[in-house]
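**Q** Now for the letters of each chain:
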Amino acid sequence: MMLKRTFSFLAAATLALPLFSFSAPATAQELRVITHSSFSLPKPVLAQFEAQAGVKLSIIKAGDAGEMLNKLILTKAQPIADVVFGLDNALITRAQASGVIDPYSGAAQQRAVAGATLATGVVSVDYGFVTLNYDRAAFAKSGLALPKTLEELTLPRYRDLLVVQNPATSSPGQAFLLATVAGMGETDAFDWWARMRTNGVKVVKGWTEAYYTEFSRNGGSRPLVVSYATSPAAEVFYSKEKIMESPTGNLFLKGGVFRQVEGVALVKGGGQREAAAKFIEFMRSPATQEALQTTMWMFPAEPGVTRPEVMRHASEPASFDNPSPEAIAEKGADWVSRWTRVVLK
Amino acid sequence: MNVAGSNPFARGVAVVLLPAVFLTVMLLAPVIRLLAEGGVGALQGTVVSLWQDDYLRWRVVWSFVQAALTCMAALALGLPVAWVLARLDFPGRTLVLRLLMLPFVVPTLVAALGVLALWGPRGLITGWLGFQLQDTPWLLLYGNLFFNLCVVVRAGVDALGQVSASRVAVARTLGATPWRAFWRVEWPAIAPWLASALCLVFLYCFAGFGLALILGGQRFATVEVEIYSLVAHELKLAEAGALAVCMMVLTGGVALAYAWIEKRLATPARADAIALRPAAGVFLWTLIALALTVLLVFCAAPLLAVLLRVVLAGSEAWAVLIDEETVHALWNTLRFSASALVMATALGLTHALAARRSVWLRASAFLPFVVSPVTVAFGLLLLYPQWTASMALLIAAYALLAYPFVAKSLGAALDSLPVHLDQVARTLGATPWRAFWRVTLLMVMPALRRGMAFAAATALGEFAVSLFLSRPEWVTLTTLIYQRLGRPGAANLDAALVLACLLMVLALAAFLVIESPLPKAGRRSATHLRHA
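So the protein sequences, as listed, match chains A and B.
If you're matching positions, the first sequence starts at 1 in our numbering and goes up one per residue.
If you're matching positions, the second sequence starts at 1 in our numbering and goes up one per residue.
With the rest of the complex left out, here is chain B (with noise of 0.2 Å):
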């Protein structure tokens, strides 16, 4: 036995510093080195104009409403949505959970399209109502949704999952009503779930990334956009850097905020999973049909008014799929996503090992989210010129902005996990390695492969990556989409729609493959050799 072995504070100290060490040169070095450059002792006098710039403070104020009315909708949507999916069980029910991380995918410009094909002035749920909701709160609040949903859907489900059923069970024997059971037994136990993902819809919409600023026209643009003009365009970097600090401050409370409130909430599940219920029954049907039309409402609309017209556009446009260029952007994008997800694999993994007992380090998982990622750009190209434009940084940039989901994730399920097995399988000799590796890994294996699913499509979308310096030979999907955009033309367009929809026909393979449920021959032969 190693010395970090034997030592937990040795062995807290290793596991902790990976992710501290990568958080440190990939983020907070960089920040660090920008702010310097603007000029640190201009901070604080920027920090009060700013403040006092009506203009300024009303995009903060924004940001947040839009933000936290976008938590509450997809709360009161997908809570009742993950139960259903939790609780049912009816044919495609594992398909809906995989095509349901679809949206996360998408470019968001492909998305852009296909929501304004539906309800922009010439779509066609605008046709049949009258009206039409480009240019309206409404639609940006539709499209936070569109991406957003799918995440607390996922993080109920399987919140739902680790509800102990005898728990359950006992509350109704003692006479409590379904309803009643549920807020006092199973809420509880799913609360810190909900919470990390509800933190996570906050801080991307909070960010403003994409989809709501295109639906939304630059009147509902987010801090975000401000920060990067001020950096990107006009060079101002201790304007930028004192705006950056400020949102930094706000978001990093909500993060503060959110660790708190999940390790209170922490509470040890037991490892006995409530059944599916089959479907059956006209009001069981009912459920499931109203989940469904969320979903399709929601999320699936936008995308199938893009394959509509990708199977419309007809084979000219497909023709684009044997391009050469497209061939090597296909092999681009898988390497860089498998190479992104082993990383963020090993970071998320080791940091939620590291922030079990510390408030401060869970929060710092969500670090990536709540920086503002023009400045980490800009800071890693002051601080290393040198590795600018490397593949590296690149696959570094791509880890960085992927492995929160696999640290979130994992950071609910060891909450949740029994204290007992860890113990039994250290009394009965175990290393904690070896008990590591056979209890606790095992137990919380169904939470890193949703985390790893999350990353994985994070990777495949490219959020933010951008902004970094690239190559022409490192283009991938998304970058060949936004290039055929650039340019005028239908049939620009069109091959744009068709490459989206390679894209998530991808990322649905690569989704299947992640979180592949267990082979049933597998299951039986451990059964059997049980048995002999």
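Chain A with its partners taken away, still in its complex shape (with noise of 0.2 Å):
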């Protein structure tokens, strides 16, 4: 009896098995879109890009940025996409150096950009700062004044207060990691580094777990975290009851702001070429430009672009420090195994 109904359950899972049509019939057109996991569009401007390129998007993600280009490189031979969204000013010599991408010179390319140009050929979508969020309810709690330098926070009063991310498995970690060297010089960014392992930094995996278990907003004991210059107005975007001020501030240190700028590219021997160019004419189109803000959370690289309401909670900091694109690609690499032995080791 036993046996017979686990089996015919079975039985029937198998015969449902082609029910679940396993690969998409591969038509003509389709665009095949590879970009990180946190892309994300309103399903309805992706609808309509469809409607009027005449084209099937195929989105394809592939983990965090770096992962995305480790796979682009991995698989250059044969191509799994055509058009890249997500390479961001860290990556992108990397990208151009080892020959993942192809040139684009449509009108987008053209256009002036808020923000930053990426490198020729690649077309700018939008930008964003790493930078350090705090949690306002606790500093008021403590009386605390908040630090007005990154050296401050090796002082025993700001002991045990900031959570990072690893530089080796998240890019926001990646990206303080560089605004600290270009900020402090390498030398001392890295003696910074070491005073703050004394100073009790902790160290998480990526972005969730330093937000959501070591940050104090949620749960966690650090009134300090590595986040974005947005975040503080996807606090208000995503709080339960309407709220006039953001839970959270920005904190712009000399030295603790990184600028990213995202890109739009072709990949090398991808096909549907004039497909991939409505594409990325499409990510700079107003529409594109105006929801992107509220569902990646970076700023607009299109001018005159419309900010939601919200956007006035993320503050744009004054200045930043990033190294050039050259030295990010030359010693990205090395810096972070520094920062394994001085931090982790």
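Think of the hints as simulated: they come from the structure by calculation, not from any bench.
Please read all numbers here as calculations on a predicted model, not as lab measurements.
Some hints here could point you the wrong way.
[Claimed, not checked] Here chain A is said to cover these stretches of chain B; the calculated rule only asks that three of the stretch's residues, wherever they fall, bring their Cβ under 8 Å from a Cβ of chain A:
| id | segment |
| --- | --- |
| 1 | 112-121 |
| 2 | 229-238 |
| 3 | 376-383 |
| 4 | 490-500 |
Here a beta-carbon is modelled for each residue, glycine too, at the ideal position from N, C-alpha and C.
Starting from two chains that each stand alone, build the complex the way the hints lay out.
**A** Put into structure tokens, the structure is as follows:
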């Protein structure tokens, strides 16, 4: 009886397998877009593109941006996508050097951008800032003054207050490390990290772990976290009640702000060039540029695009510290292993 | 009768073919491809230099120590609990057995949030105790037990369930104390089952999936994290390959040792299970209360903390349940898990049958846990770029990580199967296939169902599947939870926790269906027929 029931269940499931349609039929007009896992645009916006361009979008999420680039490099001989979104200024030089992208010179490439241009042939889509966020309530409660420099964070009174992401496993973690190196110089930066280690900096794997398990706003104990300049706005957008002020704030410190610029590019060896070009233009269209602000929480690269009301909680820093793209490509990996030696080993 | 049916050797080959081909295509070939990409020549030198690196050596040692400690703690806590659940009858016993597996399904981050809600700096228990456990190895051990205690308890319950009642009775009649009867009769019968469960626990902790990492921070990171960043971010394939091979040799050794022990200890049991004792009297009820307390503290408490938060979040948060996206994710979760379960059952069954006589084949059932998942994921990408982002590959990846549970559970059951039943069936003229279908399979059915329940749990919980390429339209409940937790904001956190509860309800329903008890009516009619 028992046997029969289990097997009739299995048999039914096996028979049902074809219904699940394991491989979507490959239509001639399919544009393969590879992107990082944070890619998000409203369905109607994407559907409108499909209707206008007459193609079906096949979006492939390939982990975070660094992982995505490595997957592109490994599959260079047989490209798995036609167009790539999400390569940023920390990765673009390496992407070009490893020959995985083709230059694009359409209209979007010619137009002026807010933020910054990426390398030639890559179209900037959005930009943002990796920076420190602080928990307003926690600082109000402890009465501690906000630190005015990164140096102050090494003082005993700021002990055990900061959580960062491991730059070896997380993009914001890596961006923050790059900012410290550019802001303080290599030697001083690693000296600072060593003193931060003594002063109890906590290192976790990724942004989610930092924000949801360590940050004092969400059940952790640390009121300072490496996050994005748009995070306070997202806190307001996703708050449960209507609030006037964000529960978190940006703390822009010298050497603690990295500007990230994300772009869209053609994958070398990919097909569907006409559709790919349309997609690149689409990423800079007003509808996309407006939508991405509250789905991917980045600032639009197209100047003069409407900013949603909630974005007023996302302040932009006056200055930031980025190493040159060449320096990142050349020394980025070394800095990460040196960081591992200094902070973890 | 066909050829495969008449020739035992051909039959063996036919059975071994499915798991062998699957493992080769999905696991061995990709890993070898990745190693080749990194350059095999560089391998040896890298291995030596890695071992001279203090930091990496410490990670390997630490990975070993925490896994071994977890095994010991899981055995010490799990065996008594298993004994209570296997020997004493009390209301709700079956439900406890099903609930036991929920920790397996919960996304690690949600589990971490639950654990921290109790033991973290602002946790409930921390408030009473006055000190917190975050950043200490204790919390890490707790996290390991949360996920793994259920594996040991379930194995223990099933093992104790197949101990021969008459042998224990004989020992007692001959004057053995209950304690001595346990050591001399019951323990040898259950040891192989426990060994296989502990091996699994060890491999899980060693590979360092999830929770321990979140709770312990990067200081307690295991080697797998190192391999991940070498492959995924630095593309240093030679070093990653060397590290992965070292780990494979170490963990493969553990798997082999286990297979050897299990095969050596294997003894056919007799099919006379010890009847459940109704709980009566203060002593027995105290035992039950203690066992349930252990489960409550180590397994249920973090989940209850999540549930409490969801209840307090209010109806606005629950609105996420009727989102179009949630419904879509629910459907995906169901169809992916069902497909993976079918595949995992077929693979597990054939693997267990093929591995009855071979230590190597037995150990190879653990390969999916021995090999570093990130090397498999990138190897697959290198080897079959045309398959990438195909659903078949995704389902196969789920099945790969789920099927060792079926194979392992069946392996132990097949060992303790009385041989003579099969022989009687054959003597009475049954074909090998019929004897298998009507006798062997029927006897191992409870073990098969247990394995399937664990496989379903793995598929629903989606360990390591995030390493593979994905598509937005394939969003599952687990990916939806992680998407929510990828953005700031209280509403996102609440929505993620509500979705986690939905996942738990779904999993519980799946466990209840897979392991549903015999319907009483059916049993009665069968008896009736026999008497007629």
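**Q** Hint by hint, say whether it matches the structure.
**A** Taking the hints in turn, this is what the structure says about them:
Using a Cβ-Cβ cut-off of 8 Å, 6 residues of the segment 112-121 of chain B lie near chain A, which meets the minimum of three, so the contact claim holds. Under the rule that three or more residues need a Cβ within less than 8 Å of chain A, the assignment of the segment 229-238 of chain B holds, with 6 such residues. Judged by the Cβ-Cβ criterion of 8 Å, the segment 376-383 of chain B is covered by chain A as claimed, because 3 of its residues qualify and three suffice. Only residues whose beta carbon comes within less than 8 Å of a beta carbon in chain A count, and the segment 490-500 of chain B has 5; three or more means the coverage holds.
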